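**Student:** The chain contents come next:
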Amino acid sequence: MRPSGFSGTLLLLLLLPATLAFKASDFKTCSESGFCRRGRALASRAQESGTSWNSPYSIEPSSLSLAPHQAAFTADVKSSIYPSVKFNLDVRIHEDGGVRVRMDEVDGLRKRYDQAAQWALLEEPSIHRDIRWTVGKANAKAVYGPKKDIEVVVNFNPLKVTLFQGGKEQVVLNGRGLLHMEHFRTKEVSQPEEHIEAEGQTVLQVDPAVWFEGDSQDAWWEETFSSWTDSKPKGPESLSLDITFPNHAHVYGIPQHATDLSLPSTSGPDARYTDPFRLYNADVFEYLADSPVSLYGSIPLMHAHSPQSTVAVFNALASETWIDIAHTDKKGVETHWISESGILDVFLLPGPTPEDVFAQYARLTGTAPLPAHWALAYHQCRWNYVSSDDVRGVQKRFDEEDFPVDVFWLDIEYAEDHKYFMWNKKTFPDPVEMTKDVEAIERKMVVIVDPHLKRANDYPVYKRASDLGILVKPKSGEGEYEGWCWPGSSSWIDFFHPGSWDFWTSLFKTKSIDEQWSWTESTDNVGIWNDMNEPSVFNGPEITMPKDNVHYDGWEHRDVHNINGMLFANHTYQASAARTDPPRRPFVLTRAFYAGSQRFGAMWTGDNLGTWEHMAVGIKMVLANGLGGMPFAGSDVGGFFGNPEPEMLVRWYVVGAFSPFFRAHAHIDTKRREPYLLDEPYKSIVRDILRLRYSMLPVWYTAFRETSANGMPILRPQYMMFPKDVAGFGIDDQYYIGSSGLLVKPVTEKGAKETSIYIAEDQVRLLRLLHPPRLPRLL
Amino acid sequence: MYPWLLLALALPSSAALDKTHGVPPSLVSKYVPSTTGAHQTWTCLDGSKQISWSAVNDDYCDCADGSDEPGASPGGSGTSACPHNKFYCRNEGHIGGVIQSSRVNDGLCEQECCDGSDEPSGVCPNTCQEVGAEHRKEVEAERKLRKTGSKIRSTYIAYAHKEKKRLEALAIDLAKEIEVREKEVEKLRDIAERAESISAAELERKKQSPLYQSLLAHHTALKSLQKEHKKHLEREKALGDILNSLRAGYNPNYQDMAVLEAVRGWESLAGLPHINDVRKDDTETGTATEKPKTEEEEDEEEGFWNAAKIEKELDKILKADHVSLLLEHDQIIGPASTHSLLFDISAYLPDALIPSYHSFRDSIVSVLTIFGIGHGDTRDASAESNSARKALSDAEHSLKMTRDETQDANQDLLDLFDPEGFGVEGEWKKLDDLCLSKDTGEYTYEVCLFNEAKQIPNKGGSSFSLGKFSSWNKVAQPGEPEYYTRQHYTLGAKCWNGPHRSVELVLACGTENALLTVAELEKCEYQITGTTPALCRPLEDERPKDEL
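Protein sequence lines, in the order shown, are assigned to chains X and L. Note that UniProt numbering has the first sequence beginning at 1, numbered continuously upward. Note that UniProt numbering has the second sequence beginning at 1, numbered continuously upward.
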């Protein structure tokens, strides 16, 4: 026997900084993003000018053309600083009273991206046939609504659109004169001289656009960030728009940000953050728990609420967008939206109740379908269950310990060399048998499929995608974009390419058709996890694709970035459904999302940290997602990074059990933390929490049924339930499940022995207290 | 109307429910009614309560321990009346099975209940005939395996007994040898001491020389410096190894710029090409084999030693015999006032040098010989004393060796049949330091039983220690069969940003000593499974469990 001793090797502790955390330098601030800089500079010029500032945009009254039998009109718009550039405005009132305002440059050098709404909308909304516009000298008006108290006024000069209700301004577009659609120009244009010649004036004349645009041509044609250069072949094309809610003190929505539900100011004296909120789908490593930086998904929908009414604005933009928010002294909110490209396409949702707003938004972008019942149960995940036997072993332990569980997940390590669909046969020699062992008692497996394809010719998925020419192209527009991700050198399917759709569907067939490769080593019940679909590119600018990459039809990546992830989940959802006839309800989990993603499954809040702060902000994020129309949401129980202490893990199980999507997940570097590994009393507490979730499944299923019908969130914040109780408008640490009347207040503080709940005055008769039975033992 | 209909449907099944439905055979005898007065009663198994006999298996939980609802009502309301109960399936034709009562009447046919008794009749087919036959086949196969394995195991035990005998005989022989050697040492010490005692006083005087004292101080300083230097070299090498494995193993271009910077920094310092370029060019030469370019030597100052010379020459200097230098010095500087008495230099080595004496003896002797030749007048006596001292220390060394050997033999004897060592029957002794390996493609995993586990990259490069043997199964008692099914190897090489590597070796009975699977269940914590005949206990040992 040789008992172990220290070998002669000198063992060293590498004292590295323990805080591997969010790298602010990996992501742009507004001041590092050219168009955001220009947008904010425009706003500050306007502010300095005060009342003398006037928008250069105006409607040519003579050009106004009413649609014959519909509540719609079009008109030419001119900009006084570029009189030769033509814009067209299109305003319509939908059958449900929503208003859509579109503006685009016409006959320009190029075409602006105008398809964002097309991907987001369920269908083209019908235009109201009875409402009539009244065209006057200075404006066009329409009055409607059951009480005839809704009025839309389009002012001609300057261009301004206002939605009134009961005589009060609800939403104002371009009220602050920050509307600016940078028209396409040629790079050669030599500056002042041209205008001088054209206008035949003195040599000292300056550019008439300077008062508005500034004089720097800041980052018009090229922009560098860190080691990357964005070639910007189309030049400046950003869109700036101010949207003001003069009579609403609270705004919510625009997920996904790790911040309060009632959005704090980003400009003005009470600004909490120095940067605007950003919408630019990004794989943010160890994101901060309180920050306006963009995260994995983007829904450009903002609700505004007051005791009198709720309204919302859906700003259908797919490019990088920054949103400044300022709460005004007069109990209103001013917002400023700055986007890199795309047309102006704004939907005003008149409310006037929260329910109305959700219904109006649901009519536009659809609702979450009713998921399969099992998808509402408990999901057990880890990066990674390393083998078939590991999966079987974990399932066995759950059964032995009598913990309810319905779904086992496989992260990326199941795939040989991270070639998704291709099992690593050394560790998963019998994938179908393993899956069937899990499915034997109606449990399910969810397996990850990411959008990056390893560039290997022995990988049939890459090979065929390459042969079909459906991969995203580099800025040259030729060949295949190559980036670095989990498998190493990778390429990405361009889901904007119609040729990719049938191809993607064909891959999921569990029986091969026409000898084409398909995932025969799978079953018809397997759910799919779409991760990294921002898309995440390890060696790309801001960990994503270069903006000058080229998609189908020549659109740049910058034009479609925020939609990209939704298309991936969309086609995975459709491919899953197409496995069987009739289709079974698919389950798809996505990390990136956009307006409309709710139609294709669930989302989670990405790679959170195992900290109390992240546990708390995860609740707010799920609430905000619900307001964004994406109710099937949750955060990783236990936190993705780190090893949560038992108390934290137990509290997180409560958070999870009262979230629409309930999954435990953990990073590969963490210790195993399946709930049966806990010591008593924690183990039994978690078992009871899981059982409570299961006994409440009918409540959840009912709430999902409701949202599938009317778009109402599953987790409803305080203000929705008590829309007139001002004191509850900012509350985001407690919520209600569907219309069950159940109030939930998870405890997210270490060592808490008590917590308080907020009860609106007239609430007591509705109150049901729900308390996991064994939790008192923790107290 | 509806309630009546439901009642009518429910009645036949609950009425048909046997009172001992779901009761394991060992408890069946407890499920009999006692008669108290006019009606039949029954006492909960925990004795807490007496209930009506009709309340047993009636789909209502009466007893705190749930013992009144063993059947968990497969025909009942749909949930088990008493939670946390166990339900017993008789599985006639197979062996009985136990499931959680929450699984009874849940619409799913549990594998453990092949007779279908966990669900209302007609829901689950009775598959006990086939399942039982399959099970018996498996049991038979296992018996055969164990039979073969246990034969091999008995040879291991025989080996252990042979080893025991050998070691015992060895111990006896060694004891005799020690006795002889001890006498020898005594005798030689006597001789040496007499030869040396003559000029000790004179040498002591000379040693007071400031030069000699300074020499000793220099020696100590140099020795300390050398030790520090070695420590730094080892540290540098260890850091280099860590950085090399970071460079080879990190996910290039992943979000963590700190890692990338560390890799780049190391590459520039060590003069290595960037690992991404290496990979791109597909020159998959094991990066760990590329030796970091040795640092450019700084401009060597006149007369200063370079690293190579330090390594080579320093030891020589440190090994110099100061006493002989003292005497030589004496010869050169001044004529000896008195006739130098002859003495044995080695007897007056500074104490600190004694331990190294044996290994350097030869070189010292040669120095002494040269010295002797140059100074004939001191040669004879010195040589005489020296050889006496040499003979003594040789004898002492041999004695120590013999004693160590004895100690090892005795320790081995103790371990041999130690339940925490090679097992009660010594069946593991045969496998001591037997190396088993498993090729998993990228790596070969090697476990040398009771010694060390290693991860060896197949494409070249340095291998990592996964730990040294530290214990058997920690959650079982020594001597229990379960105790020998797991071995722990701990404190292997430290993972970057992780724990020390470790291995849990899970063994089962098999006819061969082999590793089957390797899995890294958590970062740097490996689970390796394998087989060994050492775990094939003879069939006679089997406690009858299937026959329950």
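Because the hints were derived from the structure by calculation, they are not lab data. Be aware that a few hints might be false.
[Said to hold, decoys possible] Cβ-Cβ distance ranges computed for the label pairs, FRET-style:
no., chain 1, residue 1, chain 2, residue 2, range
1, L, 316, X, 417, 48 to 58 Å
2, L, 107, X, 168, 50 to 60 Å
3, X, 436, L, 239, 31 to 41 Å
4, X, 524, L, 111, 15 to 25 Å
5, L, 258, X, 749, 24 to 34 Å
6, L, 258, X, 710, 40 to 50 Å
7, X, 749, L, 221, 54 to 64 Å
[Unchecked claim] Think about it this way: if two alpha-carbon atoms lie no more than 25 Å apart in a straight line, the pair counts; the simulated SDA-like pairs of lysine to any residue are:
no., chain 1, residue 1, chain 2, residue 2
8, L, 523, X, 673
9, L, 459, L, 511
10, X, 425, L, 522
11, X, 419, L, 64
12, L, 438, X, 673
13, L, 312, L, 220
14, X, 671, L, 250
15, X, 396, L, 86
16, L, 494, X, 668
17, L, 459, L, 522
18, L, 474, X, 645
19, X, 396, L, 459
20, X, 671, L, 64
21, X, 426, L, 511
22, X, 436, L, 250
The model shown is predicted, which means the values in this text are computed figures rather than measured ones. Yeah, the Cβ is synthetic: ideal placement off N, Cα and C, and Gly gets one too.
**Student:** Now tell me if each hint is right for this structure.
**Tutor:** Results for each hint:
no.	hint	in the structure
1	316/L / 417/X: 48 to 58 Å	holds (55 Å)
2	107/L / 168/X: 50 to 60 Å	holds (57 Å)
3	436/X / 239/L: 31 to 41 Å	violated (50 Å)
4	524/X / 111/L: 15 to 25 Å	holds (22 Å)
5	258/L / 749/X: 24 to 34 Å	holds (31 Å)
6	258/L / 710/X: 40 to 50 Å	holds (48 Å)
7	749/X / 221/L: 54 to 64 Å	holds (59 Å)
8	523/L / 673/X	holds (13 Å)
9	459/L / 511/L	violated (31 Å)
10	425/X / 522/L	holds (20 Å)
11	419/X / 64/L	violated (55 Å)
12	438/L / 673/X	violated (28 Å)
13	312/L / 220/L	holds (18 Å)
14	671/X / 250/L	holds (20 Å)
15	396/X / 86/L	holds (17 Å)
16	494/L / 668/X	holds (17 Å)
17	459/L / 522/L	holds (24 Å)
18	474/L / 645/X	holds (23 Å)
19	396/X / 459/L	violated (37 Å)
20	671/X / 64/L	violated (37 Å)
21	426/X / 511/L	holds (23 Å)
22	436/X / 250/L	violated (35 Å)
Taken one by one, the earlier hints fail for this structure at numbers 3, 9, 11, 12, 19, 20 and 22, listed in ascending order.
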